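S.K.: Please construct the entire structure, taking both the sequences and the accompanying hints into account.
Counted from 1, the sequence shown has number 5 at position 6 by numbering that gives the first Met the number 0; the numbering is strictly sequential.
Incorrect hints may have been included.
As the list claims (entries may be wrong) - Restraint ranges, calculated between C-beta atoms of paired labels, are given here:
{"id": "1", "residue 1": "L34", "residue 2": "E59", "range": "31 to 37 Å"}
{"id": "2", "residue 1": "E59", "residue 2": "V23", "range": "43 to 49 Å"}
{"id": "3", "residue 1": "N24", "residue 2": "P1", "range": "31 to 37 Å"}
{"id": "4", "residue 1": "K49", "residue 2": "L28", "range": "27 to 33 Å"}
{"id": "5", "residue 1": "D53", "residue 2": "V23", "range": "37 to 43 Å"}
{"id": "6", "residue 1": "V31", "residue 2": "A56", "range": "34 to 40 Å"}
{"id": "7", "residue 1": "E55", "residue 2": "G25", "range": "45 to 51 Å"}
{"id": "8", "residue 1": "E55", "residue 2": "L34", "range": "20 to 26 Å"}
{"id": "9", "residue 1": "F45", "residue 2": "L20", "range": "26 to 32 Å"}
Keep in mind that the hints were calculated from the coordinates and are not lab data.
Values in this document were obtained by computation on a predicted structure and should not be read as measured data.
Think of the CB as a built atom: it goes at the ideal place given N, C-alpha and C, for glycine as much as any other residue.
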Amino acid sequence: MPRIALYAVLVCVLTTVAAVLSFVNGSFLGVVWLLMAGVSSNMAYFYWRKARMDREAAGERPRDA
0 MPRIALYAVL VCVLTTVAAV LSFVNGSFLG VVWLLMAGVS SNMAYFYWRK
50 ARMDREAAGE RPRDA
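M.R.: The following block contains the structure:
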């Protein structure tokens, strides 16, 4: 998995935790954290998929297959 995808997963986890803590504290700011988690998870998937397609185009065997 490319490094930027790992960073995006880390951001996704942290924003999910922040959303839960916001909702537990009674703040609706958690909605913003959830939106950020959605964007970062999409980024992680995009970069992971892009790296996999690049490896396949280069003729390498995919690592997760």
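S.K.: The structure should be examined with respect to each hint, and the outcome stated for every one.
M.R.: So, going through the hints one by one against the coordinates:
{"no.": "1", "hint": "L34 to E59: 31 to 37 Å", "verdict": "holds (36 Å)"}
{"no.": "2", "hint": "E59 to V23: 43 to 49 Å", "verdict": "holds (45 Å)"}
{"no.": "3", "hint": "N24 to P1: 31 to 37 Å", "verdict": "holds (35 Å)"}
{"no.": "4", "hint": "K49 to L28: 27 to 33 Å", "verdict": "holds (32 Å)"}
{"no.": "5", "hint": "D53 to V23: 37 to 43 Å", "verdict": "holds (41 Å)"}
{"no.": "6", "hint": "V31 to A56: 34 to 40 Å", "verdict": "holds (37 Å)"}
{"no.": "7", "hint": "E55 to G25: 45 to 51 Å", "verdict": "holds (48 Å)"}
{"no.": "8", "hint": "E55 to L34: 20 to 26 Å", "verdict": "violated (32 Å)"}
{"no.": "9", "hint": "F45 to L20: 26 to 32 Å", "verdict": "holds (27 Å)"}
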